[in-house]
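Novice: Here are the chains, one letter per residue:
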Amino acid sequence: MTTSTPYGPETLALHAGQSPDPTHGSRATPIHFTTSYVFPDADRAADLFNLERPGHVYSRISNPTNAVLEERIAALEEGVGAIATASGQATLHLAIATLMGAGGHIVASHSLYGGSHNLLGYTLPRFGIHTTFVDPRDADAWRAAVRPETRLFFGESLGNPGLDVLDIPTVSAIAHEHRVPLLVDATLVTPCLQRPLELGADLVMHSATKFLGGHGVAVGGVLVDGGRFDWEASALFPTLTEPYDGFHGMDFAEESPVTAFLLRARREGLRDFGACLSPMNAFQLLQGLETLPLRMRAHVDNARAVAGHLAAHPLVKKVSYPGLENHPDHALAARLLPQGCGSILSFELKGGRPAGRAFIEALRLFSHLANVGDAKSLVIHPASTTHFRMSAADLAAAGIGEGTVRLSVGLESAADLLADLDRGLYAVGRLVKE
Amino acid sequence: MDLKVLDTPARVYTGGRSFDRELPTVVLIHGAGHDHSVWNHQARHLAHHGFGVLAPDLPGHGASAGPQRASIPALGDWIAAVLDAAGVVRAALVGHSMGSLIALEATARHPDRVSALVLVGSAAPMPVAQPLLDAAAGDRAQAHAMINQWSYTPASHLGASPSPGLWLPGVNARLMAQQDEGVLSADLLACNAYTHGLEAAAAVRAPTLLIRGGRDQMTPARAGKPLHDALVNAAGGARMISLSGAGHALMAEAPDAVTDAIRGFLTNDR
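If you read the protein sequences in the order shown, they are chains A and B. Each residue of the first sequence is one higher than the last, beginning at 1 in full-length UniProt numbering. Each residue of the second sequence is one higher than the last, beginning at 1 in full-length UniProt numbering.
Don't take each hint at face value.
The calculated label-pair distances, taken between Cβ atoms and stated as ranges, are [stated by the list, open to error]:
{"no.": "1", "chain 1": "B", "residue 1": "Met240", "chain 2": "A", "residue 2": "Pro40", "range": "57 to 65 Å"}
{"no.": "2", "chain 1": "B", "residue 1": "Leu23", "chain 2": "A", "residue 2": "Gly121", "range": "52 to 60 Å"}
{"no.": "3", "chain 1": "A", "residue 1": "Arg335", "chain 2": "B", "residue 2": "Ala203", "range": "56 to 64 Å"}
{"no.": "4", "chain 1": "B", "residue 1": "Asp112", "chain 2": "A", "residue 2": "Ser19", "range": "44 to 52 Å"}
{"no.": "5", "chain 1": "B", "residue 1": "Ala137", "chain 2": "A", "residue 2": "Leu365", "range": "37 to 45 Å"}
{"no.": "6", "chain 1": "A", "residue 1": "Pro314", "chain 2": "B", "residue 2": "Gly138", "range": "56 to 64 Å"}
{"no.": "7", "chain 1": "B", "residue 1": "Ala70", "chain 2": "A", "residue 2": "Arg143", "range": "55 to 63 Å"}
If you're looking for bench data, these hints aren't it; they were derived computationally from the structure. As the structure is a computational prediction, the values presented were derived from the model and not from experiment. Each residue gets a CB set at the ideal place from its N, CA and C atoms; glycine is no exception.
Could you put the whole structure together from the sequences, leaning on the hints where they help?
Specialist: What follows is the structure, given as structure tokens:
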């Protein structure tokens, strides 16, 4: 049950975080294209810097257009607030850098977006932060991977590429047993299909580039805090519970038990690492966000039609979509994603790598590119693109077959999408026959 | 900082500066189901402008140990004990909602300890609707939803927070949810049971400021008028500032106006 607001998600997606501009009455959210903000007098300037008064000082730290986006996502997620960042990658980095430094350790699902895997597996170790990757379905593996220096659990609502459903109640309970928070990347589900904070997660991140924007024109990220994790009781997070010389000696958890994480992330992470979102991008993401609930329903409807169509086709070996009964997480999805499992699915063609290539080249509506979550349907063949350097054995270990195709099902007419897929399958049929 | 108040550990937020008892002291008292963080902006500003600030978590709230004190008079005495623990003789008391009743009662019971009184979002009596009392006792989520519904103006229900990136209704819901089971219910029962606020007001000798939200549904103007009248006629005298765009959560909805009203009153405005 929603306790913070009487309004439903469709209303919040249109209105939350914004009131019509008091100066001109602008109904749309204005784009505050400014780096900085005039202080009315010297006293007010000092007050703003010292957080005695709320407001904006410099657009790297906050901006009125970005603030609307932040508040709107926080409202939809039932969080206490949010921070917009330059990309989803910047969001993940901001979360990690706020919670730990060199010597820190993360336990993460091995079913992750490749960019997240790069950051955790290759780049952060250079800065002394290490990650143990675990099978997200194996509760004992999460538990066994915990070390004294573990500071974060991390997984995706729907994992990449097998679309495993993260059992957020179970994984968050294990995290909390070890006094650490769970961060969930909810990019593929959006708050319209799942609110991870209600299921036990402590922090939620989005690549807003995907469904939140929906139009594929703006890169951005959003980090939402549920405000529920008790940093003082955990006693593992000195960045939040000890005075910070870099910001007025503030002890963030004493300052505000509910917003401590966001305070530190904004006052240190955004300020110093600087991965802020452009207000132009915030505006574009807001335009997309207005129709998110409508779009997600249509995405799910089309994805179900596509999944059913492919599953019945003789040239398709297997379809991975948690909405289908043969998916190992089907029952979990029914519980955690009752309104639908999003619109990303993958399937395995008969005929291996050549079949994947032939299929993609025959398509007309599905765009062949490396993104998901656009209003337009997208397709990629990992074995010949994102994962082309990998052997068949390595691909199999990553859950990817040589004939695996990933779709991001868009909002076109369902009949047109099915006809396009049949065009691709016809090409595969000719190849297999040869 | 952490103090021992009547032998029990209490968290007292001091506005981001070490408490200096040589400065004029201001005590900021939060309302039902809350903690000191509702005063973040006001506390920081006063602490950096010549005041020693004590913003305690009431017993059993936030980081202060329980047990709760189940009545407004008991909490009024506890505020005097906070002054003792901090080594302070006299202080200005500022309270919000239930905290305003505590400040009022503390002023009546300990007149020599109180230099000025500021009541934010106040009414006396402060009867609590039965459905809210029932919900607080049986279904906390429902109670939190009702309080959020009545605490904010219609505009605030859609956000547009003065604090960039914070979703205030979410902050308030989480702050209430973070308190232990039973805390909100006991607070609301204490408000409901406090029926001699007008007698306490008549006895106030400290100058008093009332700050109210023009769109407050929890303590609307009509409910606050008897208290206002009693304080105007009391020895200390009283004045009222009404903030037209704010509801009951006015420290968050109109933080600067509340800060300026308190600071103005405590420095040169009375």
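Novice: Of all the hints given earlier, name the ones this structure violates by number, lowest first.
Specialist: Hint check: 1, 5 and 7 fail, others pass.
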